[in-house]
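Engineer: Sequence order for the protein chains is A and V. Sequential numbering of the first sequence, starting at 2, is according to this note's numbering. Sequential numbering of the second sequence, starting at 4, is according to this note's numbering.
Don't take every hint at face value.
[Unchecked claim] Per the computed footprint, the stretches of chain V lying under chain A, defined by three or more beta-carbons under 8 Å from a beta-carbon of chain A, are: (1) 11-23; (2) 62-72; (3) 146-155; (4) 200-206; (5) 236-246.
[Stated by the list, open to error] Capping the alpha-carbon separation at 27 Å, the derived lysine-lysine pairs in DSS-like fashion look like this: (6) V:Lys74 <-> A:Lys279; (7) A:Lys313 <-> V:Lys58; (8) V:Lys153 <-> A:Lys189; (9) V:Lys153 <-> A:Lys212; (10) A:Lys198 <-> V:Lys58; (11) V:Lys40 <-> A:Lys95; (12) V:Lys205 <-> V:Lys58; (13) V:Lys74 <-> V:Lys204; (14) A:Lys279 <-> V:Lys239; (15) A:Lys95 <-> V:Lys153; (16) A:Lys212 <-> A:Lys95; (17) A:Lys286 <-> V:Lys7; (18) V:Lys40 <-> V:Lys205; (19) V:Lys27 <-> A:Lys289; (20) V:Lys239 <-> A:Lys289; (21) V:Lys40 <-> A:Lys289.
In short, the hints are calculated from the structure, not lab data. Even glycine gets a Cβ: it sits at the ideal position worked out from N, Cα and C.
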Amino acid sequence: MSDERVLCLSEEAGIAESLVRLARSLPLGAQGRVEALVLAGAPPGAADRLAGAGADGVTTVSGAESGDPQVVAAAVASVVESLTPTLLLTGSTKRGRELAGRLAGRLDLAVVTGATSITLAADRLTVERETLSGNAIATERVERRPALVAMLPGFDAPRAAPAASVTRAEHPAPVVAALVEVRERRPKPGGEVDVEKAERIVTIGRGLKRKEDLVLIEALARALHAEVGCTRPLAAEAGWLSDDHWIGLTGHRVHPKLYLAVGVSGAVQHLVGMRAAKVVVAVNKDPKAPIFAQSDYALVGDLYQIVPALTKALGG
Amino acid sequence: MAGKLRIGVAVKHGVDVVLTRADKATGLIALAGAPRKTSDFDKNAVEEAVRLRDKHGGVVTAISVGGPNAKEALREAVAIGADEAVLVTHDGWADWDTRAVGRLLAAASRTLGGFDLLVLGEGSTDHFSGILGPRVAGELGVASVAYARKITLENDLLLVEKDLEREVEVVAAHLPAVVSVGQEINTPRLPTFLQNLKASKKEVRVLAPEALGVDAATLRPSVVAERVRVPEVPRKLTTLTGATPEELAQRLREALASEGVLP
Ligand SMILES: Cc1cc2nc3c(=O)[nH]c(=O)nc-3n(C[C@H](O)[C@H](O)[C@H](O)COP(=O)(O)OP(=O)(O)OC[C@H]3O[C@@H](n4cnc5c(N)ncnc54)[C@H](O)[C@@H]3O)c2cc1C
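Excised from the complex, chain A in its bound form (with noise of 0.2 Å):
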């Protein structure tokens, strides 16, 4: 069997520990590395927590402050050229998925996104990944080299022990032109919910019918000590909540111990976004509506009677 040479990097600095981490619980052979990079907006003492999280080297880029993709993935590139890495880990985030692809299309990379898992077994790596809109997860065999695999944030990563010796150095990026100038940068309305971290969500869904009456909701929400999620439509087309409430494929995946939907039809990419829940009560006044499959607890009636009392009868 060969040995892997992994190498991690991410623009987030919490998913470039997890995936050191990660790499280190893979079977590298005896010969086998972990390398992690620093990218240029890591925050200060990032090479001290990528060692600590196990990686045998830190190499830290110089150069490459760009919001060009292009510029991060040339600096990438010609760390990949001396370390010559079998494998490269990068986060399943908008950006991470954004570098894989200019990385992929560079040096002409086998890619996997989106990936919830990877086996390393006898040279076969295989991944799974969600697909399908996230209904389904499918199993890949990689078969070229290297490979790309973008984790999706949220995966397990069990913690090592740094390694005996750590190998630092730094990287001086090529010098290349940017493509693409960043103007403006201002962040998205909304930040104080996480429901990603939620114990307990209501989600309201298009069964409601004016903005007003989401204090209905808010009020069900504070009786449970819950935060308010809600569907696609009400984030994107309504507006009515900010995108940090969006729960789905195109908004956040959550996995609270209690999951209230109401007003929700349960349409497949809403699903997706709160299979992980332990216990999931549906409200709907349709009896057939898909939710009530993926339920425990279902309440079939208007949500304008049944929200009430509920706020009343679970307030304590």
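Given the coordinates of chain A, work out where chain V with the ligand should sit on it, guided by the hints.
Structural biologist: Chain V with the ligand alone, transformed into the frame defined by chain A:
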């Protein structure tokens, strides 16, 4: 940019995720022979390409890499307003992975004389690798912007609002460029009966990889799906009843208390 604007738009005839069902006994999904339709975001891509052409002039060429039925996706693109349709296909198309499709799109762009702007969906409804736009741009060595939710063009300067998880970036790039668009960028028009009829008669240019200078033997898959299964999440499927909303609420309170999920 010399002369009129040449816009390419990539469309995928992908697996229909709503109609596809798993085998009841095994939970496995067979992708071969599964029902297909035009990938959702690709319609946003076509709509955006057509709007840009209507505003700035030029030609929109829709390209699909896939099997013979992908002509249906191309005809839908023409019905929305694309001027030309090109299908890149081969007997072994079913084995083509993202790498192969990326290489063929890059080769098609070169062979068809180069596009000033190539528009793609951010990801496909079925596979959603979400990397194809940047991958093609990386191979062509041109500018790329992903996650576009607004595109404006001023001569050969492209301004794009890029929709990231926690922020929006406004970025500028000169043509040629590859842009991938999200669902929020527009609402694709529903073609009229007449537009559909006209599109159904549109001739689709069919090209083999060799015609694009790509040896099909080099397109062997770099990633192979061994199996696709629907994860089984057991749910209790209990319908609660009560004579009044208050009684119903009480039943739920009892159920949630015994589950231990109340605060
Ligand atoms: C590529 C793609 C990505 C997508 N990503 C997402 C995503 O991330 N998240 C997401 O949520 N969606 C997503 N969608 C959209 C998804 O397909 C559905 O359109 C959406 O989830 C439907 O939202 P809804 O359930 O609120 O609305 P609807 O489907 O309109 O359902 C409303 C429900 O409310 C019920 N109702 C109405 N009035 C009442 C009442 N008075 N009392 C009780 N019940 C009532 C109705 O019976 C109905 O079941 C995506 C779609 C696509 C194509």
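Engineer: Determine for every hint whether it applies to the structure shown.
Structural biologist: Okay, the hints, checked on the actual structure:
1. Judged by the Cβ-Cβ criterion of 8 Å, the stretch 11-23 of chain V is covered by chain A as claimed, because 4 of its residues qualify and three suffice.
2. Under the rule that three or more residues need a Cβ within less than 8 Å of chain A, the assignment of the stretch 62-72 of chain V is violated, with 0 such residues.
3. Only when three residues or more bring their CB closer than 8 Å to a CB of chain A does the claim for the stretch 146-155 of chain V stand; here the count is 5, and the claim holds.
4. A count of 0 residues in the stretch 200-206 of chain V with a Cβ less than 8 Å from any Cβ of chain A is obtained; the coverage claim is therefore unmet, three being the minimum.
5. Only residues whose beta carbon comes within less than 8 Å of a beta carbon in chain A count, and the stretch 236-246 of chain V has 7; three or more means the coverage holds.
6. Restraint check for Lys74 (chain V) and Lys279 (chain A): not satisfied, since their Cα atoms lie roughly 44 Å apart, outside the 27 Å limit.
7. At roughly 56 Å between alpha-carbon atoms, Lys313 (chain A) and Lys58 (chain V) are farther apart than 27 Å, so this suggested pair is violated.
8. Under the criterion of a C-alpha separation no larger than 27 Å, the hint pairing Lys153 (chain V) with Lys189 (chain A) is consistent with the structure, at around 15 Å.
9. Taking the CA atoms of Lys153 (chain V) and Lys212 (chain A), the gap is about 26 Å. The hint holds against a cut of 27 Å.
10. The straight-line distance between the Cα atoms of Lys198 (chain A) and Lys58 (chain V) is roughly 45 Å, outside the 27 Å bound, and the hint therefore fails.
11. Straight-line distance between C-alpha atoms of Lys40 (chain V) and Lys95 (chain A) comes to about 25 Å, which keeps the hinted pair within the 27 Å bound.
12. The straight-line distance between the Cα atoms of Lys205 (chain V) and Lys58 (chain V) is roughly 23 Å, inside the 27 Å bound, and the hint therefore holds.
13. Only pairs whose Cα atoms come within 27 Å are accepted, and Lys74 (chain V) paired with Lys204 (chain V) is accepted, the gap being roughly 11 Å.
14. Our distance criterion of 27 Å between C-alpha atoms is met by Lys279 (chain A) and Lys239 (chain V), whose separation comes to about 11 Å.
15. Our distance criterion of 27 Å between C-alpha atoms is met by Lys95 (chain A) and Lys153 (chain V), whose separation comes to about 17 Å.
16. Restraint check for Lys212 (chain A) and Lys95 (chain A): not satisfied, since their Cα atoms lie roughly 30 Å apart, outside the 27 Å limit.
17. Note on Lys286 (chain A) and Lys7 (chain V): the hinted pairing is violated, with a Cα-Cα distance of about 54 Å set against a maximum of 27 Å.
18. Between Lys40 (chain V) and Lys205 (chain V) the CA atoms are separated by roughly 18 Å; this keeps the pair inside 27 Å, and the hint holds.
19. For the hint linking Lys27 (chain V) to Lys289 (chain A), the alpha-carbon distance of about 20 Å falls within 27 Å, and the restraint holds.
20. Between the alpha carbons of Lys239 (chain V) and Lys289 (chain A) the distance comes to roughly 16 Å, so the proposed pair stays at or under 27 Å and holds.
21. About 26 Å separates the Cα atoms of Lys40 (chain V) and Lys289 (chain A), which keeps this hinted pair within 27 Å; it holds.
Consistency note: the structure conflicts with the earlier hints numbered 2, 4, 6, 7, 10, 16 and 17.
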